[in-house]
Amino acid sequence: MSALTGDVGSDGATHWHEERRAIVVNAIGVGVAVAAYGVSFGAISVTGGLSVLQTQLLSALMFTGGSQFALVGVLIAGGGAISAVATSVMLGFRNAFYALAMAPVLQVRGVRRLIAAQLTIDESTAMAVGRAVEHDGGRAARLAFWATGLSVFVFWNLATVAGAVGAHALGDPKLWGLDAAIPAGFIALVWPRLNDRRSWAIGLCAAAVALALTPLLRPGVPVLLTSVVAVVAGVLAVRTKAGS
Amino acid sequence: MSTTWWAVIIATLGCYAAKLGGHSVPEHVLERPLVRQISDALPIALLMALVAVQTFAVGQTLVLDARAAGLAAAIVALLLRAPFLVVVIVAAATAAAVRHLGWAV
Chain A
0 MSALTGDVGS DGATHWHEER RAIVVNAIGV GVAVAAYGVS FGAISVTGGL SVLQTQLLSA
60 LMFTGGSQFA LVGVLIAGGG AISAVATSVM LGFRNAFYAL AMAPVLQVRG VRRLIAAQLT
120 IDESTAMAVG RAVEHDGGRA ARLAFWATGL SVFVFWNLAT VAGAVGAHAL GDPKLWGLDA
180 AIPAGFIALV WPRLNDRRSW AIGLCAAAVA LALTPLLRPG VPVLLTSVVA VVAGVLAVRT
240 KAGS
Chain B
0 MSTTWWAVII ATLGCYAAKL GGHSVPEHVL ERPLVRQISD ALPIALLMAL VAVQTFAVGQ
60 TLVLDARAAG LAAAIVALLL RAPFLVVVIV AAATAAAVRH LGWAV
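So the sequence lines, in the order shown, correspond to chains A and B.
Quick note on numbering that gives the first Met the number 0: the first sequence kicks off at 0 and runs consecutively.
Quick note on numbering that gives the first Met the number 0: the second sequence kicks off at 0 and runs consecutively.
Source of the hints: derived by calculation from the structure; they are not laboratory data.
A few of these clues could be false.
Derived pair list, reagent style DMTMM-like, types lysine to aspartate or glutamate, alpha-carbon separation capped at 25 Å [what the hints assert, rightly or not]: (1) K240/A - D195/A; (2) K240/A - D39/B; (3) K240/A - E26/B; (4) K240/A - D64/B; (5) K173/A - D64/B.
Bound conformation, chain A alone (with noise of 0.2 Å):
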């Protein structure tokens, strides 16, 4: 192993030293992106009447936006605090899914692994997930993973804050098309997944029934009910499968 190391040494030492560096910078460009996003949230989030407080705890502590923006969407729009919290819990399961793809390649326990679940999110996971853990012992996607992790984590709680007290000065969130954002928000995280006619037709089943169901009942509960075409499709898929 010495000797191993020892021939590829320096050429493999900088190559670390510059894959290093790209994954840091990747890193920081992903928080920057969020930002943005960020700062919307905080603006619509204080500007529909939770508190300054309540708002960058859900940054800091809920910390993944899907959930966040879903909670306070439902809240907002007199959904009620059920629906608002079973949304916004049902959309931050998936996370489960990346903690469990991230398990084996972050090997952390105590204290580490729980900070490691609270950086566990969409973009944590996909810079990580990208790098094959073979060549090196997962050591580059651990890097990408932590690192990609804290730079979020740092920009969209800095993000929060802006918004969330700017949000006062901005005073009608509709002159500045605010309210369009929420929307658009969710349209772009849901955009990577529809990548085939399968996803597509979910998608679009879900907006039908839940705009099928928004007269007849309370906000929040349609878009709550729509968890049933995701176990229709996902009995349909095993079926299928398994017909196969």
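Chain A is already provided as a structure; the job is to place chain B on it using the hints.
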């Protein structure tokens, strides 16, 4: 404590439990095909439902207002492979412009 506070706290705990659960449970619990399939479909269904409702509903009433123009602009931006930030800004600016011009409320 207000209802909003309870919602913030419970949803936060729920979201963290999902993250920590994935790091802690044995793989086979979540790796069952049906659980996998449903949880792949769940974000798509919920996010698209949120897109629809947040664009076309005010309370229990369906409406067509400036937000629809914003969403259309966002989709165009996504088709042009614009980054997240640009998509959100384009949508907000479009809705604001449409309102400013008096074409929609």
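Violations among the numbered hints, reported as their numbers in ascending order: 4
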